[in-house]
Amino acid sequence: LLALRATESSCGLALCSRALRRLCQAPEIWRAELERRFPEVCAKSSNSASDVRSWRSQLIDALRSHWLAERQLQAGSERRLLDATIALEDLQERLRSEREHLQQTLKELQERRSHLEQ
104 LLALRATESS
114 CGLALCSRAL
124 RRLCQAPEIW
134 RAELERRFPE
144 VCAKSSNSAS
154 DVRSWRSQLI
164 DALRSHWLAE
174 RQLQAGSERR
184 LLDATIALED
194 LQERLRSERE
204 HLQQTLKELQ
214 ERRSHLEQ
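Following our numbering, the numbering of the sequence shown begins with 104 at its first residue and continues without gaps.
Rather than coming from a laboratory, the hints here were simulated on the basis of the structure. Heads up, the beta-carbon is just placed ideally off N, CA and C, and yes, glycines get one too. Please note that a few of the clues may not be correct.
Have a look at the derived ranges for each label pair, beta carbon to beta carbon [said to hold, decoys possible]:
(1) Ser120 to Glu192: 49 to 57 Å
(2) Lys147 to Ile189: 37 to 45 Å
(3) Pro130 to Arg174: 39 to 47 Å
(4) Leu118 to Ser157: 24 to 32 Å
(5) Thr208 to Glu181: 48 to 56 Å
(6) Ile132 to Arg174: 23 to 31 Å
(7) Arg216 to Leu184: 26 to 34 Å
(8) Glu192 to Arg121: 56 to 64 Å
(9) Arg174 to Leu123: 29 to 37 Å
(10) Leu184 to Gln213: 52 to 60 Å
Sequences and hints are given; from them, build the entire structure.
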């Protein structure tokens, strides 16, 4: 806070923090966020009166489910890319060996040619 020169406004920041905390406890905010990001979850929750969980916890569960699915999707892509990388590295090694073999063969043929020309 010293670097920001905010020490003079610390009392005001405390009031804002308290107000923000109170505001974040309002269920309407969480419901609106859930409805904005996951309308299907919000609609399902509104239809079932037996679901007594808070909107905040439903939003958290929806976010976790979303990012878990995204992570699994990315893990599959990562695995395919890793397999492709390994295959390409193997191919690169085989090409390097083939090049060395062809260079050695070329060198031998050049030596034979020079020997025959003499």
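Checked hints:
The supplied range of 49 to 57 Å is met by Ser120 and Glu192, whose beta-carbon atoms lie about 54 Å from each other. Hint check: Lys147 to Ile189, Cβ distance near 43 Å, so the stated range 37 to 45 Å holds. Distance hint for Pro130 and Arg174: a CB-CB separation of about 29 Å, inconsistent with the stated range 39 to 47 Å. In this structure the hint that Leu118 and Ser157 lie 24 to 32 Å apart at CB holds, the actual value being about 26 Å.
With their beta carbons about 40 Å apart, Thr208 and Glu181 fall outside the hinted range of 48 to 56 Å. Checked against the given bound of 23 to 31 Å, the beta carbons of Ile132 and Arg174, roughly 27 Å apart, stay inside it. Restraint check, Arg216 to Leu184: a C-beta distance of roughly 46 Å breaks the suggested window 26 to 34 Å. Against the hinted window of 56 to 64 Å, the Cβ-Cβ separation of Glu192 and Arg121 comes to about 58 Å, which satisfies the hint.
Remark: the range hint 29 to 37 Å for Arg174 to Leu123 is upheld by a beta-carbon distance near 30 Å. A C-beta distance of roughly 42 Å is found between Leu184 and Gln213, which places it outside the suggested range of 52 to 60 Å.
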